[in-house]
Each structure stands twice: as C-alpha cells, then as structure tokens.
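Participant: All chains, full assembly: derive it from the sequences and hints.
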Amino acid sequence: MKLTVWTYEGPPHVGAIRVATAMKGLHYVLHAPQGDTYADLLFTMIERRDHRPPVTYTTFQARDLGSDTASLFRTACQDAYDRFEPEAIIVGASCTAELIQDDPGGLAETMGLPVPVIPLELPSYQRKEAFGADETFYRIVRALAQPCEKTARVSCNILGGTALGFRHRDDIAEITNLLYELGIEVNVCAPLGATPADIARMGAAHFNVLLYPETGETAARHLERAFDQPYTKTVPIGTNATRAFVEEVRALSGSTAPLDDRSLRQTWWTRSVDSTYLTGKRVFIFGDATHAMAMAKVARDEMGFEVAGLGCYNREFARPLRALAKEMGVEPLITDDYLEVERAIEAAQPEMILGTQMERHIGKRLGIPCAVISAPVHVQDFPARYSPVMGFEGANVLFDTLVHPLVMGLEEHLLHMFREDFEFHDAAGPSHHGGHAPKPVEAPATEEAPAATGEVVWLHDAERELKKIPFFVRGKARRNTETFAMGQGLTEISIDTLYEAKAHYAR
Amino acid sequence: MTEHLPPPPATGCRATPVLKERGQREVFCGLTGIIWLHRKMQDAFFLVVGSRTCAHLLQSAAGVMIFAEPRFATAILEESDLAGLNDAHAELDRTVSELLARRPDIRQLFLVGSCPSEVIKLDLARAAERLTVEHAPRVRVLNYSGSGIETTFTQGEDACLAAMVPVLPETQADELLVVGALPDVVEDQMLGLLDAMGIGPVRLLPARHVDADTAVGPNTRFALVQPFLGDTHAALTRRGATHIPAPFPFGEEGTTAWLAAVARAFGVDAETFARVTEAPRARARKAIAQAAETLRAKSVFFFPDSQLEIPLARFLARECGMEPIEVGSPYIHDALHGPDLDLLPAGPAISEGQDVDKQLDRCRAAAPDLTVCGLGLANPLEAEGLSTKWAIELVFTPVHFYEQAGDLAALFARSLKRRAILQAATT
Ligand code: SF4
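Note that the protein sequences, when read in sequence, are chains E and W. The numbers in our numbering rise by one with no breaks, and the one at position 356 of the first sequence is 1129. The numbers in our numbering rise by one with no breaks, and the one at position 398 of the second sequence is 422.
Heads up, a few of these hints could be off.
[Claimed, not checked] Restricting the straight-line Cα-Cα distance to at most 25 Å, the calculated cross-link-like pairs of lysine to any residue (SDA-like) are:
hint, chain 1, residue 1, chain 2, residue 2
1, W, Lys382, E, Ala843
2, E, Lys1054, E, Lys1137
3, W, Lys145, E, Leu838
Treat the hints as calculated values from the structure; they're not laboratory data.
Facilitator: Right under this line is the structure:
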C-alpha cells in the first residue's frame, strides 16, 4: 500500500486511451466501472479535444459481479463495433476488471468480429500510464504492421506521439518539416494521427525517428528487429541536441541536403548581453526522464544556468538520468512521490524550477518561479499558438519559456539597489507578469519577531536585513546563513553573520 | 404562506412514465464527493483505499482546485496487498498511523472504499472499528464506499453522511436538522433566515467540526438541502427522525417552498414568514429576471449527472421560462424528488440511468438550445454546434437559497450569451 496525494502518472489503461485517442479508426473497449469514464475529461477538457475519446467503457456495477460481467463485455464490444465500425479494436481491463478476471482478450477473440482485435495485458497494480501507452502502441504495431517494400525515396516513421502529450502536436510538425528539408519523407507518424491501415505499412520506411522514448521505444525496438529499421537515439530538444539529431539522421539516411537554420534565434538571444543575468541561475529540473535530461542540458549548456537538482518520476528511465546527474554533480531524484519532490526543492532553494504541473504548484507555495517543461500538464499548457520544444523553433520557444518566469536583469539590479521602495518591491514579482507573479508563502513568525529556525536564532536586525533581500534569493540566503552559522558553532545570527555567510558562499 | 407562488401545474411529472436505461454510463463515481466534503469538514481526512485509477480520478476532478496538501489521499493497493487480506489490513494500519502522525490536526478519518477494495472484499468497517479503538480518543474512524460499482458521483456524499448517522449522539430535543453539505456562505444565509423565523437551534449534517452538537432522536425533524441523500434519509428515519418533504431550495420558488415546509413544521405564523422572506424573495426574483431574458422559451436537455437535474429542471421551467426536453437523472427517489416532480410541468421525458450513445442520439435529434452534461461530453457537443453547460459546476458553485438564485440562472444563461457574443463578432 502506498500513500499517495498527487500522482505524476495515471494507471496503465489511461496510457492505452492516450494511444487510442491519438489514432483514427481504432476503438478501445475497456472493461471498467462507470467512474473510470473520468478519463474522457483529460482529453476533452485538458487537451480541449472536440471529439470523445474512442473508448467504450463497459461500466459494470456491483449487481453484475459474479453473474454476467462477461456477457456485458461482449455486448459492449459488439455495440461498439456496430456503432463505430473501427478498422481495428483494442480490448483490455482497468484495475477493477483485472480483479474479476473476465479475460476481455479471450472473450473478444471468440466473437468473430470482422476486424483485428488486439488484446492488451496491462498490469494495473504494478505499472503506470507511460508503460500502458508504450505497451499498447507496441501491441498494435506488432499485430498490424506487415512486411512491405521500402519506399523508393528515403523515408522514416515518427514514433511516440500520443494524445495528452507535452507539445507533441507541434514537435511533430517541427520535426516533420526539418526532415523534409533534409529530403526525407515521413512514411507514417504514429500513434498520433495514424490509422490501423497506416500502421500496416510502417515497414516501408527506411528508419524510424523516435521522439518520445517513454511511449514509443518498445515499438521502435520491435520495428528494428522485424523490418530492419534503425531508430534515432537523440531527442532533438535544444540547439545542440537538434544538431546532433540532424547528424544522426544524415548518417541513417545518407542525406547531404543543407539545413537552413536562419530561424534559430535562441543562440544569439542567449549571447546577447542582456542575457548575462541568466549566468549561474540555479535551476531545479524534474519531469519525465527524457524531458528532464534534455532540459538539464539546455539549461547548463545553452542558457548558462547551474543545475541545482535533477530528477524524474519514471523509474523505467532512471539509469541514464542518474548518469547525467552524476556528470552534473547533483544527486539524482528518482521518485513519484510529490511530497518528496517538494522537500528536495525546498532544500535546494533554487532560483527557478523546470517541472510539471506539480512543480508549478510547489513553486507557487515556495515562491519560486517555475516553467513547465514536461507532462503531466494542465489546460493552460496546451497553448493555442504553435509552440514546439523540439527543433530550432523549439529552441527559440525554450529560451522564452525559461526566461519568462524570471525577474529581468535590470529590474533585478534595481530591486537589489532600492530595497525598501514601497511601490517597487520584490513581492510584486516580475513586472512583465502583471498580477500573476508567484507570491512567496512565508511563515508568519518570521515576519514578526526574531525567529528560531533549527538551533540558531535570528537577531532582530539580521532578520530585517534579510527581508531587504529580494524574495527570489531570500530563501537561499536564509539557508546558507543558517548552515554557515551552525558550521561556525554560532547560536545567533547578526547582520555580520549574514554578510560573512554571503562572502563565504560568493560564487 | 405560499400564496405568492404560482399554482402548481395541472399535471406535473410525478406520474410521467420513467424511461429506465441500462447501458454504458458516462458519470463519475462517488469518490468525487471527497473534493467538496474535505473542504466542508475541516478536521476530517478522507483516505481512499483503492488503485492508481482512484487517485488519478481525484486528481483529475480536483485538478483545477487548490493544490496545497489536501485533506485527502489514496492508499494505493499494490500487488502484495492483493495476495493476502491479513497483510492488507496490517498495511492499512501502518498507512493510517503514518498519515495521522503527519496530520495531528485530524479528528475524523474516513476510510473510503473503492471498486478494487470492494472486489477483493477488504472489510473497511472492521478496519474502522479497529482503528477507532487504536486512535481513540483523538480520532474517530468511519468508513463508507465511494466505489463506482455502487455509487454515482453525488451518492458519495450520501454514503458519507449515512455513515455518520449511526454515531451521532442521541437526543430527545425537538430540533431541526438540516442535511447536506452547503458552501459556508450559503449555510450562514440559511441559518440567518431560520433564526429570523425563530427556528433554532438548528443542527447541521455534516457539521464543520467533529465536536459540533449535531445529535439525532425521535423528536428530530430533518430537511434535506441536496436531492441525492436517499441513504442518509433512510438512516435518519431508522434513528426515529422525521423527514420534512419539500422541493429543493433552488431559485426563489424552491427556496420559499422549502422554507415554508420547515416553517409549517415548526409552527411559524404566516406574518413572520412573510416578514422574513419578502425582501430576499423580491431580490431573488429580480436577479433571476435578468438571466431569464436569455433563457425564456429556450429548450434544455439534461444528461444524468448529479441528481440535481429534476429540481434544476423545475427551476428553469417555472422561474426562467425554459422548456425541458429530457430530464435525465442517475437515480430517482420518489420521497426526495416527488415534490419537485409535482411542480415540473408535464412534457419532458424523464429518464433514469443511462445508455450514453443512445442518449446522445436523442440529444442530437432534439437539437436543444442548451445541453447540461458532464465534462467528457461538453466540448464534443459544442464542436457539433450545441451549447452546453457542464454539470459539475452546479455542484461546485454556491447555487442554493435566495441570494444565489440569480447566480444559478446566470450559470445557464452564460453559455447562451457567450455563443451569441462570439457569433455576433464573426458575422
Ligand atoms: S470507478 Fe472505482 S476504480 Fe474507478 S475511480 Fe471510482 S472507485 Fe476507483
């Protein structure tokens, strides 16, 4: 039993729904109780989809248990076929149906439906959403992809895009365009946008572009084995990774077409003198492993930030993340416990968080600005405008995304210079945010009297001096000073202690 | 004392044959009630014993709300818990201790059953008894089921309140008990009105804190403010309390009729009743009139969702001039919904349960001006050209009693107004 407040991933059948919803002409018959239909709102509300997900939930009730849940499943399956006439059907069980062991796959197979029926085995009590998506996509590909002749011109498939993915729609458009410039056609993009008939002809591609390892890697491996299609290993997030990706694609395709990178502005934007204030900003990065690792590299190598923490919620991809964290000199945080992430962020006192919707909320609580860089995300992270995070335009978007939450350079200086101006103060937040700036939540005690934190006591003057420090660095200053004081064996913190600590930690 | 009300219709809907549907449903399960119950009961914690799906449901339903550490969580069952029930009980005890250690402010703990815990027959009643003993006197532990195989959406609140009834202290007092969770501001308005009529003390279920003086006994008379409390109604009746049947307090008419039923039961004279209600009634009528301009003569179609559908259809038909085409409700209880059905003019189809695809066919064929439906259906129907109002907002917004009557009408009007604005701008 695991005590859980918020979760980063849903159950595995939600992953299967993400695949089914991404595709066309496919229907999912899910043996599940009525409450599980909440999953529809993830797509219709959060992603603003204008169609219901292609899912039939059997919605069995307590009174059906033990008697006729199996026939309920058969009826639902037949009705779904008659009404929606899909090209193929996937069938499976949610967590509750797994316990009643009706075997949806076996039931559906005996029905003699005139279309392929693909059974899914998704262990609800062991695995999670990304696994569900990855496994479902693999099962579909394995069942439907046929051996076929390679296309005359060099072509590839794009793998891993799903419904409810972070920026999948725009990433795929961006990378499709990049491949086109390299003279490579996209044979099939799947699951996002593909029909079962499209899946059948995936073997015609010369190689695969794997954009989302979390949801496409097992299929990519299968295609490599079955149709001799190698797949790309670099995820093109950031300028450096995009260039490396292009080299990888050139090697796989033999393309020598020149690449027009005139639309890439990020490299100049980061070098322009205005950006010097970004140097050494301490960022904490958490998300799915692929996005977290890519963002860590962008943060360090392309933005000049310091990576103060790095982690992911999907254990399946922990190994490469651990290696990267080690290289960056930080402790890797592999957990799906939101409270643990919150504690780690609080301890690290970063100046900015790059995370999921959960970290945005953590940031709000702690008064630390946050940019969202990974699923799971809320409705506001499905923008109307074109905003990929992959390719050259993605690098531009990332520059904006990573800079926007911060107080700008000159404003930051002014805040340091005139600390007690009643109209121009840090609690108002960055002035380009209007009323939406993060507001720090400080313990009321620290506002009033000298407060004891741990064993050291802040003297009144020191406490007042501390408050003159803008909030976006105040937490760090408080922590550093306390650590410093304890290291010196002090029990009180005076103004002198504060500045001695500042000198001690000067970077 | 109801002389200002328009007469009831010659034929109401109480005798209308109900279309009973059994097919695929598109509704939440009872766990969803935790989202508002945990805010209402400030010293209570809700621990769902369920799967990752249950945790994800709560998160998705609460996703747009306050994100601090809430007073609910899920004990997610893992493979090892399914292997042996004894171990599962031990694990539950450990989890509860861990939780209570972290939240010393918690005085009542609800163990909430889910589909998986029901199917593996994890006996949460036994666990609640054991844990009550273990954590007495600081924490009282109760249990109820919010599972999707047994409860639909708002029935979760019903199950929760019904679980509290047996442990309420016994009283002989002739008191009014108002049953159903209301937003605090609305509850205070209601108490103000009752107090002005000289009715009091008024007891509340649920109370905001565990040590409130809510008690029940043979002289208790209770009024429901939510139309989904069938089991709680039965549990209170078993404790000897008497139900005051009334339409639900939505809109000016519903609120007046509800108050009148209570006033009659407690012998309030007509003059006092008129003096107390006159001003807020006039205000409510005025507020409704504005939104009703948009709603008048428009047709409305209700998908089953919260069991609020019948009283709301009555409100929209009688106070806003709308024409209901179909009124779907997950469940219909005559004892609870009868008074509202009497007032709802005959005409609309009344349906209970759901077969969502067939109902969508009926809805499309009827092409209503406004469709009230769940979050999974709203955007797809909008994309097909229908105006929709998502039903969950009606549960999460203060809509009861006089001062909210205008807001309630406006919630429905806003969808239509918005469409009109956007259309005007593009033509
Ligand atoms: S329907 Fe059952 S399994 Fe699904 S979320 Fe509700 S209680 Fe959990």
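Participant: Could you check the structure against the hints above and give me the numbers of any it violates, in ascending order?
Facilitator: As far as the earlier hints go, not one is violated by this structure.
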